[in-house]
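Participant: Protein sequences appear in the order of chains F and H. Taking our numbering, the leading residue of the first sequence gets 1, the next gets one more, and so forth. Taking our numbering, the leading residue of the second sequence gets 1001, the next gets one more, and so forth.
Simulated from the structure, these hints should not be mistaken for laboratory data. We put the CB at the ideal spot given by N, CA and C, even for glycine. There could be a bad hint or two in this list.
[To be verified] Here are the in silico distance ranges between beta carbons for each label pair:
id : chain 1 : residue 1 : chain 2 : residue 2 : range
1  : F       : Val79     : H       : Leu1014   : 21 to 31 Å
2  : F       : Phe75     : H       : Phe1009   : 26 to 36 Å
3  : H       : Thr1003   : F       : Leu58     : 22 to 32 Å
[Claimed, not checked] Just so you have them, the derived chain F footprint on chain H, three or more residues with Cβ under 8 Å:
id : stretch
4  : 1038-1052
5  : 1095-1108
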Amino acid sequence: MPIQYYIYFCLALFSIGIIGVLTRRNAIIVFMCVELMLNAVNLLLVAFSKMHHGAALLNNPTTTVGIDGQLFVFFIMVVAAAEVSIGLAIIVMMYRNTHSVDINFLNRLKN
Amino acid sequence: MNTVQILFFFLSVLAIFSAIMVLVSKNPVHSVLWLIAVFFAISGHYILLNAQFLAIVNLIVYAGAIMVLFLFVIMLMNLNANAEPRKRWWMKLAGVVSGGCFLVVLVSLVQQALDLTGKETLMKEGNIGLIKNLGKVLFSDFVLPFEISSVLFLSAMVGAVVIGKKD
Chain F
1 MPIQYYIYFC LALFSIGIIG VLTRRNAIIV FMCVELMLNA VNLLLVAFSK
51 MHHGAALLNN PTTTVGIDGQ LFVFFIMVVA AAEVSIGLAI IVMMYRNTHS
101 VDINFLNRLK N
Chain H
1001 MNTVQILFFF LSVLAIFSAI MVLVSKNPVH SVLWLIAVFF AISGHYILLN
1051 AQFLAIVNLI VYAGAIMVLF LFVIMLMNLN ANAEPRKRWW MKLAGVVSGG
1101 CFLVVLVSLV QQALDLTGKE TLMKEGNIGL IKNLGKVLFS DFVLPFEISS
1151 VLFLSAMVGA VVIGKKD
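Using the sequences provided together with the hints, build the complete structure.
Facilitator: Below, the structure written as structure tokens:
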């Protein structure tokens, strides 16, 4: 499969995530769109890792070139799990204080 | 068109359709369920690329743990009623236009990139995605980041408890 197809697909997912962050006002859905963008990047990292692995496999059949990309994906998942736990705790605290998850309510922070 | 290509296009269309449904759903619970569909489609892509460990981790961590956490929070807040205030239509239009501009600029960039022409990804072959090889590299070259990520988890746990505590 040409690498361009993966790039177009991941760009589409990433742009959908960006549009979601820009257009929705529910903090939880904004957060879910951030997760969507992280997943698009993960898939693209795996696709590039397989691209480099396939190119290196022609010269050396036992090479492990490209394995770093998949480990980066693993670490991105680790960081995303930690980020979700903190972010949802913050959203719950915000809901407890304001009884709403509307992110426009938070623009009082700018003063 | 062989089986791999058919599966690729099917999973891509499924993922993009589900991602759009995440945006347009009014009910946050429906958004969470559509996002789980996106994660399943992306796991299918990982299996097509023979990254089996990441496919399983994606299902367990994202579709299993993180989405259940989202569902718990939504149900705790009783948001399943349609309580979200509407944005003004020109704000939505501005968001869609800027996201579309981002997409168009990057797609045209990729189309002109000479480094990417003729490159192929290795589908359903290669053994770097197997847990044996990943584990060897993870516990030899990446031991320090692995240990640091455990400290990160500990701090995230403490932080979540401290933030969520009633003061």
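Participant: Compare the structure with each hint and give your call.
Facilitator: Here's how the hints hold up against the structure:
no.: 1; hint: F:Val79 - H:Leu1014: 21 to 31 Å; verdict: holds (27 Å)
no.: 2; hint: F:Phe75 - H:Phe1009: 26 to 36 Å; verdict: holds (30 Å)
no.: 3; hint: H:Thr1003 - F:Leu58: 22 to 32 Å; verdict: holds (24 Å)
no.: 4; hint: 1038-1052; verdict: holds (count 8)
no.: 5; hint: 1095-1108; verdict: holds (count 9)
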